[in-house]
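Take the two lone chains, each set in its own frame, and fit them into one complex as the hints suggest.
Quick note, the sequences are listed as chains C and F, same order.
Letter by letter, the first sequence follows residues 44 to 453 in the numbering used here.
Letter by letter, the second sequence follows residues 8 to 328 in the numbering used here.
A few of these clues could be false.
Incomplete in silico selection of chain C near chain F, CB under 7 angstroms [stated by the list, open to error]:
# : residue
1 : ALA115
2 : ARG254
3 : GLN255
Not everything, but these chain F residues come out facing chain C in the computed CB check (under 8 angstroms) [claimed, not checked]:
# : residue
4 : TRP94
5 : ALA135
6 : GLU272
It should be emphasised that the hints constitute simulated quantities derived from the structure, not laboratory data.
The model shown is predicted, which means the values in this text are computed figures rather than measured ones.
The C-beta atom is built at its ideal place from N, Cα and C for all residues, glycine as well.
Each chain, letter by letter, is given below.
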Amino acid sequence: MVPPSLRMGHPERVISVEDHLTCDVGRMRRERLTRLRQHMAAQDVAAVLLLHGPHVAYASGHVGPAVDTTHAVHQRSVAIIGQEGPVHLFADRPSPDLAAEIHPPVFPELDESMAGLAEAIGMATEPSNAGRLAIDEMTGAMLRSGLLDGFDLLDAGRILGPARLVKTEDELACIDRAQRINEVAMEEVRTACLPGVRRSELAGLFISRVRQLGVDDVLIDPIFQPMPRNLSDGPRTSTDHVAFPTGVGDPLFNEEDLVWVDTGIGVEGYASDYGRTWVVGRDPSSAEQDLFRRWSAVMEASLAAIGPGATLAEVGRAAIGASRGAIPWLPHFYLAHGLGVESAEMPMVGTDLGEGFDEQFVLETGMVLVLEPVVWEDGVGGYRAEEVVAITDTGWRPLGGWPGHLGFES
Amino acid sequence: MTSKLVAARRRRVLDAMSEREVDALVLGRQDNVGYSTGMARLWTSGTRPFGAGCVLIAETQRTHLLSSWDAGIPESVPFDDLYPLTWNPEIMASSMAAIGGLSTARRIGVDACSPGFIRAAARFAPTAQIVPCDDLMASVRTVKLAEEIELVRSACRVVWSGVEEVLDRPDAPTPIANALVAMAALGTTITSSEPVVRREGDTTVVDLGVMVDLYEGGVGGRFVDGRREHAPALVDACRDGATHDDLAESSTGPWLVRGLGMGYETPVIDAQRGQGLTLMAGMVLSVTDGDHRDVVAVTSGQPEVLSAPPYPADRPAGSSA
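One chain only, chain F, in its complex shape (with noise of 0.2 angstroms):
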């Protein structure tokens, strides 16, 4: 990832606090705070209480994220705008007292909260009203940037080398932790989702998401022969303009198309979610029917998939095959 598409993100959501007349912007989430700030953290499964990851000042324009060093922080940062790690809600208190344009904020926007914080945020900005913005940071990461879309290539290539891996030994005893050693061989060694891989008779079904430099890749398919049954109609109707209908019309099986980008993210569409939406050109999506996943980015004509095979399509997956 690069420095020039971190300040990218950045001035996405400076441009949408501008907007929305957030003055301070406090995110939790960890897609959030890396979205805007570009910082790794170490990666924890499952959720995380709300706590705030960093802070972004509409006056000043500066970012402060929450850590104790400056390993992993971008050059953007300077040390003195990072706050400490602390258990102790006073000491996370004084540091959010302490950023510049915090206290004085007329509305502060978060992504997540909690009644602590709540508590908290009215000593240290005692003016501030509190403004749901987790729908700002949804609608700033919804279209995706060029380089976006490369990194979520690049991820699901990594997914495809678990996946021949699985292939290439079908009857290995633990073909799940096989393809793990296989993308960690690639120096991946986050799963997004939780990985199947289930026999049926002759076929071999697959799902495997990882995160790769914050960014999520997946593939799922039925593979026979190392070859992967067509994609369904689901995939190619994911084009600028379509609505919930035409998706729900396309699907075969038990379907979802969702946003996916720095991991899971909205839209959520399936059968019972999602009945107003549409989508749009510059979306990137995790699109499921049935075992089916591809990864595609709505373009203005036909969807890219960005899951495809890294090799010809002719060729079976698995170098045995």
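So that you can see chain C by itself, here it is in the shape it has in the complex (with noise of 0.2 angstroms):
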């Protein structure tokens, strides 16, 4: 039914979760903070101080519970880094096996807290206590006590942002595994996905049988939202494309709906993302197959752009181009994003960044790319999905096992 080159064959194509992460942790974590001070010390930077959890995340090791973010919000993991020395971590309940040394946490939420802080910003910055220190928060409190005062401030992006574009081999096993893991419980749920039943319920389904498959991690509530047939059906939205993904109400399911779905969840701080487009206890139409085999022509036209070398721009532009000149991706998000320890990180594909930015960002081996093409025929309704690739030296491999478009694809 669908034409054998529309399955987006790679050799390393493999529909399984493997019994173990096969990731050196440890080495992991060395390289990184490498790569953190190579940036510090290129942008001069005497010390990052950081209390946003994934930043603390890569430049520490500890990986905190995916909980509320007004609970990781008061119990936050705090990290600080010179440009020598020991990672400093204030942290409750450390990851095991750290190099760091361990301090006990500091709560930059409160008052009480600050000069605590103000000696644990020491650590890294005496004697001078001056220069410039990298920070990715200011708490009421922070900002009340004046302890940042001395130092010239920049934001933390700056530092973690480029250290975090390219991935070592051990980052990219963290991916593949949390991803694989995401897939297979998918595509589980998918088969559950009948009318009449409520999205609370795919969702449940879901972080159960992550955490059976040995994940904790579940980052983002799990999305299933059935969507319009036509946009004019709304919700309204500043692109006048359709508005997704709204996390809102707890839909039910019934046989008419076009489902799009979104998870994602965490391996030691890694982040997954699986998308996809389902139909609800039946065959899609003719219509929807039809938009399933021009998503298809998307895809392949995007990754055949793809490699070392290769701006963001021609990835667009190939897009674009099979795509009969629409653009194919919501036109609040992008074609493409990165995928790390956030679920949306740079690279970006297409975003309001604009032309001028993608062509000047040029792909790179160990780049990671989340493809998530977009088609939308109104009056028949969307296709997207999602599928996940490292740059390689020669162009890409995927990662996660790249399940297939089951219902769609036969």
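Encoded structure:
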């Protein structure tokens, strides 16, 4: 039914969850720290003070639990890193076997903690206690205390962002592992997506299944969103395209529905990203199949443009070329985004950063892209799905097992 | 959550802005955005980098929200008061500049901040002073409205369905996964805290927390034959006027008394923290002593336990018990 060329075949495409994570976590942490310090030196940064969970994970190796943001804020771990010396981690229950120097937590939300935080910063910045300090968040207590007044502050993203762009083999292994577990769980959930089922039931199945597969960290409330057939059906958007993902309500599915799904979990702090379009309790209509064929053509063209030395603009143009000139992605998002300690990071293709940004950004071996084209036909609906790739010396390879598009692919 | 509750919460925030002479309030924390606007953004775990999730303007009394669509947006916020998601700091700065009353503000309150935001604000609101207002939001949120207390009570009831599932099947290999499915059957798919289920001989230790309709519920305890060990004295000590010392003296194990409402809130009181703090009527607290956890509302008399089991006290938890 589906031409062989649309199966996006790749010799490394394997659908399975291996028994263990094939990753040297200690080596991964050492290599990340080396990269971080290279970027600190290049930008003459005396120290970085990190409060944002993914930043702390990248710099120290400590991965906090995937809890509500209010819990993450009040129980946050803090990492402080100077140009040399140990990584200082302030955490309650640190991940095992860290090379960092562990201290009791500092609670930067609280005014009463500021003396302790000043002392902590001093561990990395003394004797000068001045110079450039890269920081990712200032709490109200920090602003009131004046404890940062002597420093020249810059956003820690300016250091962490470039360090995180190119992944090591171990980082890629973590993403691959997370993706495979995510895929296995979702392929099971797909069989339960039947008329009369609610979003919350499918989400419950998913989060319990990944836990049975050994993963506790669900990074996003699982998305199963029935899509309108016409843009005019709403919701109203600023882009005049479709609203996704809204995370609104607990819809009950019926046989007419076309459902966009999106889930993500974490392994060693690395995110997965599984996106598909499902039909509920029936086969896709021929018009829906046509959407899938068009989506496949966009995906194939995008993949063909990916490799070291390619610009983001070249990838975007390939996608548009395969889409009869229409932009085949959601305009408030992107054609593709990176994946790592956060589920949407650089590089991003086709954002509102503009063509100039995409023209000057060159892909390198070790970068990761999640391609998520969207093909829309008003009156029919849309097909959206995601595939994850790592850039290699010769092109790209899949991350995860690429379980295909059952229902649409025979 | 009713639109009346959303309006009452927003009124409190605007009044507090007026008292503190804050012309504009830029909120980045998702719970503060939810409190002030009623908006429920797609839940993601963990911390988020600071960004303008919503902007309240004292002069116009309008609420401006970060959203590219009107799904999930309260009716009180017209479409024109939304500003879209963007990856481009220049576009975000333009959105900020276009909000009536922000560029002329003398004092802009923030609930957190970043070096990038301070630089951007110097351009879109060149004469403004940036004022920390996390404490403004915390004080507004400390005393709960009646409907908030009922929302917390409902969330706690959902947690009990998870606890019952664990106790019903004591030998299940994945009790936490089962509890998550049971709570999802009631429409709840967001855990607020790390779920705990542990066997110690005949005792099952459970601690679960969830977010329901933006409000948190939680229950913890040691269960034998479906019966939870009695509440420690710390729960009853959570009274109007109770000091750190009062709480410390009532505790028996590692303890934590912290605000609970739209998630984890202040006050935060334990052996090390909150020395000068005093409890007051209207607070809702998560009270942990050892493995026991209850959620209580502080009143003018005895604390009201919002996490009481949703069945008679003499009936063991777990339908098979």
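Cross-check of the supplied hints:
1. ALA115: 5 angstroms, holds
2. ARG254: Since the shortest Cβ distance to chain F is 4 angstroms, the answer is holds.
3. GLN255: 5 angstroms, holds
4. TRP94: 4 angstroms, holds
5. ALA135: Hint on ALA135/F: violated, closest Cβ of chain C at ~14 angstroms, above 8 angstroms.
6. GLU272: Check passed: Cβ of GLU272/F comes within 7 angstroms of chain C, closer than 8 angstroms.
Hint 5 from the list above is the single one not met by this structure.
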